[in-house]
Amino acid sequence: MELLDRYLESVRKYLPWQRQDDIIAELRANLESQLEDKEAELGRPLTKEEAEAWLKEIGPPTKMAARYQPQQYLIGPTFFPVYWMVMRLTFFWVAAIYVVVNAVVIATTNGTWNSVLQACLRLPLVLMTTAAWITLTFAAIEFIVTHYPSKLPTISVSDGWPSTAMPALEDALSPKKKQRTRAHAIAEVIFGFLFLIWLLLVPQHPYVLWGPGAAFLHSSPFRLAPIWFQFYCCIVVLNVLQLGWRCVELARGAWRQAHPVQQVVMKAIGLIPLGVLLSGQVWVLLRNPALDQAQYGPTADGINQGIRLSLTVVCAIVSAQLIWEAGRLGLNAYRRRIAAMR
Amino acid sequence: MTIAESLFENLRLELRRGCLTLAVLAQLRQEHYGYTLRKALAERGLVIDESTLYPLLRRLETQGLLASEWREEDKRNKRFYRLSGDGEEIFARLLGEWHDINASINNIL
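Going down the list, the protein sequences come from chains P and Z. The working numbering puts the first residue of the first sequence at 1, with every later residue one more than the last. The working numbering puts the first residue of the second sequence at 343, with every later residue one more than the last.
Rather than coming from a laboratory, the hints here were simulated on the basis of the structure. Note that the coordinates shown come from a computational prediction; the quantities given were computed from them, not determined experimentally. You can take every hint at face value.
To give an idea of the interface, some chain Z residues facing chain P are shown, with a C-beta separation under 8 Å as derived from the structure: (1) Tyr375; (2) Gly376; (3) Tyr377; (4) Asp391; (5) Ser393; (6) Thr394; (7) Tyr396; (8) Pro397; (9) Arg400; (10) Arg418; (11) Asn419; (12) Lys420; (13) Arg421.
Ideal Cβ positions, reconstructed from N, Cα and C, are used throughout, including at glycine.
Given the sequences, and given the hints that come with them, work out the whole structure.
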């Protein structure tokens with residue numbers, strides 16, 4: 001029967017070449033027997049339409065051939081959870097490092113908005129390349145473990161189970177931090193107040209901040225740029241706000257634990273002084289530019305470049321931390337919402 | 343196909359998969375070639391697709407549970423299968439497991 005021959009040839013194309021003839025011979029014997037039975041029942045050969053319907057019932061050649069193949073996957077269920085965890089962690093760290101490095105490069109080379117845009121557009125490619133390498137590595141591990149199990153020491157992701165490395169039950173179920181005591185909250189207010197007084201003394205009495213270095217700074221050819229005063233004002237305002245907030249908490253009896261949102265907001269506000277400082281073009285000036293430019297000008301430029309680089313890195317790290325914590329907060333809120341819906 | 347139907351179909355196939363192996367091993371206590379095995383199972387109420395049964399026979403043979411030989415019958419070469427020594431032992435254990443599960447499910451129901 002021509003249709004059956006064509007069907008079997010189609011199946012053959014998708015079979016492993018070492019076993020093609022054997023499988024096709026067996027399949028032919030089975031299907032021909034089935035065909036004979038059908039024709040014996042009808043008392044005549046099958047029409048073309050009936051034969052087509054019969055083969056359609058058996059299923060497409062690709063499906064038939066696929067069932068003869070061993071189950072195939074790039075990364076099997078044993079390694080997949082580890083693969084997924086590695087992928088997520090690597091994605092996070094690659095993205096974080098990429099952002100920091102590019103922020104530093106753009107800041108130090110006076111990059112334009114165009115260079116920022118280009119850096120953003122390159123990020124997906126970097127992440128895809130990373131994903132491809134991780135997938136290839138795990139696929140190679142899966143292949144070796146599947147095909148050469150006897151030549152390898154036993155690899156098992158459950159080695160060392162049960163493990164003491166698991167988080168304690170209390171921590172796992174309740175990720176909340178230890179509650180603050182009333183004494184702790186009072187101490188925070190007292191020390192916050194003392195710190196504020198100390199901070200307010202700095203402009204008039206610089207030695208409380210610099211110590212003996214204040215005299216050295218006073219006699220050096222350098223002086224601090226006005227941007228530091230703006231930075232100082234921001235720090236003072238922030239500390240006043242924080243102290244006020246703690247006093248309100250203490251008065252309301254709500255000192256036990258800071259709300260996670262509040263913690264993230266405080267961190268976000270903490271970025272303001274850094275941003276103000278970073279907005280300055282210079283941080284160190286010459287006391288007498290006309291006299292000292294030739295001798296100390298390059299040193300001042302070097303110091304300014306160093307400060308710019310450091311501030312950029314610090315800003316990038318703090319921003320990344322903030323994004324991470326805000327993301328975690330959002331994820332926890334989402335999980336709680338899902339749990340509440342169940 | 344709705345999501346519920348698709349879910350049911352997946353679960354049904356999952357439930358059937360192990361049972362089919364057990365049924366094939368049971369039926370191959372007597373020698374059969376693919377088509378007669380399929381007919382014998384169908385006569386006892388278990389209809390299996392060709393694309394499921396024939397590859398399954400190959401897999402069970404590769405695993406050493408079945409033994410096979412090519413032989414001519416009715417002027418046609420056919421591959422006959424039967425339970426191997428290892429297959430008989432595994433089948434007995436699987437059958438015990440099947441009875442236990444069946445009894446447990448009946449108790450639960």
